[in-house]
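Below are the chains, spelled out letter by letter.
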Amino acid sequence: MIHFIIRRILIAIPTLLVISFIIFALLDLAPNDPTGNLPMTVPPEVREKIRVSLGLDQPMHVRFSMWLFQFFVNEPLNLLHEGFGITIGDSENRTRILSWSTRSSVIDLIIQRTPQTLWVVGLSYLFGILIAIPIGIISAYKQYSWFDQVGTFFTMVGFSVPTFFTGMVAIIIFSVQLKWFPMIYDTTLVVDSWSNFILQVKQMLMPVMVLALYNASQLSRFMRASILDNLNLDYVRTARSKGRSENAVLLIHVLRNSLIPVVTLIALGIPTIFSGAIITEQIFRVNGLGQLLIIAIESADIPLVQTLTFLFAVLIVIFNLIADVIYGILDPRIRYD
Amino acid sequence: MKKTISILLFLTFALILVMNVHAKRGSDGQLNLLYWQAPSTMNPNLSGGTKELEASSVVLEPLGRYDENGNLLPWLAEKVPTVANGGITKDLTSITWKIKKGIKWSDGSPLTAEDVVFTYEYCSNPDTGCTQSNYYSDIKSVKAVNSLTIKIDFTVPKPFPYAPFVGYNAPILQKAQFNGCQGARAQECNKQNFFPIGTGPFKVVDFKPNDVIVFEANPNYRNPNKPAFSKLVFKGGGDAVSAARAVLETGEMDYAWNLQVEPEILIKMEKAGKGKVVSAFGTSVERLMVNFSNPDPSLGELRSEYVGGNNNRNPHPFLSDYNVRRALSLAIDRQVLVDAGYGKAGKISCNVLPAPAIYASSANNECKTPNVPEANRLLDAAGWKKGSDGIRQKNGVRISILYQTSTNSVRQGTQAFIKEMWKQIGVETELRNLSASVFFGGDVGSPDTYQKFYTDIEMYTNNFSGTDPQTYMSNWTCKEMAQKSNKWGGNNMPRWCSPAYDALSAKMSVTSALKDRIRLSKAMNDMLMQDYAMIPLIHRGDVSAHSNKISGVRMNPWDSELWNIADWTRK
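Protein sequences, first through last, are from chains A and B. 369 is the number that this note's numbering gives the last residue of the first sequence; the numbers go up by one with no jumps. 575 is the number that this note's numbering gives the last residue of the second sequence; the numbers go up by one with no jumps.
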């Protein structure tokens with residue numbers, strides 16, 4: 033197993049380098065310009081000066097190697113310096129990856145945006161799992177019962193209706209009509225008292241539930257299918273003929289075996305938490321990583337887009353690895369060595 | 005007993021009086037603004053976007069600024085310098101500003117002429133990458149005569165010398181704070197760019213780029229009773245429709261900016277009775293640019309290029325015919341476009357220079373009512389005959405227009421209407437839309453920019469900031485033509501060239517009397533309009549909404565919408 037993990041990590045390094053180059057090249061070739069969103073009253077000479085001040089006049093390979101150096105050397109060293117007080121080299125004059133539209137460090141922006149994304153999108157993922165597993169089990173066990181029919185209906189609706197629609201409906205019902213929840217997420221709210229905690233719960237409820245519905249719909253379908261596959265297998269018949277209770281058969285034997293593909297699926301889905309639910313974040317103004325990415329793309333903020341997409345790529349590679357490892361642990365029949 | 009009662013009554017009255025005589029600083033609590041395009045920095049010199057200018061305008065202030073009617077008011081200065089009051093020299097090459105006494109930065113230190121001089125040095129340093137540097141063009145020197153007097157010398161006579169340090173584009177920075185941030189270092193001065201110290205009614209306490217800004221009342225603001233709000237939250241993100249909803253329907257927010265929303269939606273939301281939609285008209289005109297050069301792809305290098313001799317060596321196959329251009333304009337029913345796409349945010353415009361009102365020409369009002377029969381007659385008379393497919397042609401040239409604009413639902417709506425209107429006069433139209441960041445991106449390598457103009461007609465909005473049209477009107481001189489030779493850096497997109505127009509433009513740059521400037525501007529506008537170099541469609545306004553509980557909002561198209569936020573109060 034250890035050999036397998038080390039081998040996979042070693043393969044991941046060139047993979048990520050290639051990915052970073054592809055992202056860089058794509059962004060570079062795209063017809064996009066950081067001065068494109070400036071008002072037309074800004075004359076072309078001034079635009080040219082701005083481009084030069086952003087370093088756009090240098091050839092592509094220079095900019096790419098600079099980004100690589102900043103990302104893999106300067107930024108980690110800076111994190112060490114700021115996070116743990118360990119200083120290696122000249123930390124004062126180290127150049128960092130700067131966002132073009134805000135002129136601030138890209139990594140700082142990402143750190144600033146991560147909490148709200150983790151809270152809202154992460155919680156919705158968790159709730160989605162908690163809702164999906166029981167629904168999946170019951171619908172499969174009582175296949176074609178009214179519960180299964182209703183469950184299927186709702187998961188189909190949740191899966192096929194996009195979140196920008198459910199989000200809008202939620203806002204119109206709960207904010208505009210009933211006035212229960214705010215429609216704007218306040219990122220400056222600090223939870224330091226009960227009343228603020230309640231405010232936080234209130235403002236998180238709508239985005240979390242909208243996303244949870246979507247996540248649950250997907251997962252519960254997989255859960256149901258996986259349990260159905262297992263219910264007809266020989267080992268289930270054996271367990272039943274041994275006289276084990278239905279509960280034990282379902283919750284110990286069948287559930288554990290059916291969870292194997294679902295757990296991998298959950299692990300593979302975790303990177304999408306970080307890339308945020310872009311549309312849901314926009315609707316509720318959660319302003320997390322997803323919204324950061326969208327704004328960066330719109331304003332042609334190449335360093336920010338590049339760094340964010342690359343971080344997502346890193347997460348996807350890591351969680352793919354984790355999913356493989358978990359699979360091996362859950363199912364001893366699978367051996368990697 | 006009576007005495008006590010009368011004393012009590014007196015005290016009650018006194019109390020009521022004190023409560024009514026307005027409000028002390030900070031007595032109205034928190035004000036919530038919603039700018040759905042979130043500001044990315046607080047330094048207006050590093051971002052030219054309106055959202056950043058609006059946000060920084062509550063902190064940083066200029067020497068003079070415009071009110072909602074376009075009048076120039078002294079702001080940090082004592083008065084507006086003019087030739088009459090001796091503030092501007094007779095030869096128009098020098099202007100002297102005097103700062104009001106006793107103005108303090110929010111950190112308590114005094115505002116001096118040195119800060120003003122520094123602001124010029126900061127922005128004019130080429131390494132700063134200052135987006136507002138065109139406000140400081142043609143300056144020979146900016147000097148501090150004494151601690152409160154600034155003298156600006158220009159390299160050329162400036163009939164309108166109110167660009168530097170005027171309006172929200174060119175506010176004053178504090179020298180002590182930005183001293184180490186000039187040139188290339190400007191990019192790294194995070195703390196300074198996000199938390200500038202200003203003289204305005206508010207100061208920044210928390211800044212999250214592209215998300216939210218929190219301000220507090222400036223304790224050193226020059227008027228001790230203002231601003232009425234102790235805290236200002238400037239939230240960003242989301243979209244225009246939901247921003248309108250947050251003010252007009254849920255009342256969560258007090259003010260929402262830039263509500264480019266279909267008019268029917270806004271009208272419906274306004275009925276909830278929580279807020280009001282306000283609009284103001286600046287100089288923005290949505291117009292069709294007419295290509296006078298030939299955009300045929302087979303021309304290669306010469307595509308959409310102007311080649312000498314009043315354009316007759318590479319003319320457009322059909323748009324070079326005056327009758328065709330005029331017919332295209334006559335066929336458009338502009339009221340339909342206003343009603344469908346703009347509502348309160350638009351008016352019919354027959355001029356490319358529609359405002360300030362004193363500059364607006366009335367010579368082109370023909371365009372206000374569509375005249376399809378006349379358009380058809382013109383085309384018939386000019387020999388453009390309808391073919392079997394209903395499309396007009398002459399000598400094998402069909403009037404088939406490729407019409408491009410940026411991707412935006414209102415613009416695509418307008419395109420569809422115009423296509424139908426042109427069909428009535430036998431003109432075929434193919435529509436095309438491009439992402440705004442590509443279309444307006446100015447990438448020299450891309451064939452799809454509005455500067456390259458590789459189509460027959462293109463549509464967008466342009467405007468000028470401030471109230472003086474001199475620079476704007478010089479956009480259509482011959483030397484401004486966007487060409488390969490200037491890397492498509494010019495502003496004359498139609499490639500329309502007229503020596504008579506150039507002469508008027510040159511004359512304007514040395515004329516200072518307002519009366520004559522108005523006459524020249526109108527003449528230039530009329531030349532462009534009557535030759536149909538551009539077909540103006542809609543005079544576009546800015547639309548915002550504020551809660552009914554907020555009073556004092558004076559929507560301003562010439563400066564920041566928040567220009568008088570110190571006077572806003574909660575009812």
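Hints in this document: simulated from the structure, not taken from any laboratory. All figures in this text were calculated on a predicted structure; none of them were measured in a lab. Hints should not be assumed to be uniformly reliable.
[What the hints assert, rightly or not] Computed spacing ranges between beta-carbons, pair by pair:
hint	chain 1	residue 1	chain 2	residue 2	range
1	A	T220	B	K195	13 to 23 Å
2	B	R558	A	F229	51 to 61 Å
3	B	A188	A	P108	22 to 32 Å
4	B	K195	A	V193	42 to 52 Å
5	A	G117	B	L77	44 to 54 Å
[Unchecked claim] With a straight-line cut-off of 20 Å between C-alpha atoms, the simulated SDA-like cross-links for lysine to any residue are:
hint	chain 1	residue 1	chain 2	residue 2
6	A	K174	A	L42
7	A	K81	B	K272
8	B	K280	B	T573
9	B	K195	A	T220
10	A	K211	B	N552
11	B	K272	A	T220
Cβ atoms here follow ideal geometry from the backbone N, Cα and C, with glycine treated the same way.
Against the structure, the hints:
no. : hint                          : in the structure
1   : T220(A) / K195(B): 13 to 23 Å : holds (19 Å)
2   : R558(B) / F229(A): 51 to 61 Å : violated (40 Å)
3   : A188(B) / P108(A): 22 to 32 Å : holds (25 Å)
4   : K195(B) / V193(A): 42 to 52 Å : holds (45 Å)
5   : G117(A) / L77(B): 44 to 54 Å  : holds (52 Å)
6   : K174(A) / L42(A)              : violated (47 Å)
7   : K81(A) / K272(B)              : violated (46 Å)
8   : K280(B) / T573(B)             : holds (15 Å)
9   : K195(B) / T220(A)             : holds (19 Å)
10  : K211(A) / N552(B)             : holds (18 Å)
11  : K272(B) / T220(A)             : violated (31 Å)
Of the numbered hints given earlier, the model fails hints 2, 6, 7 and 11; all others are met.
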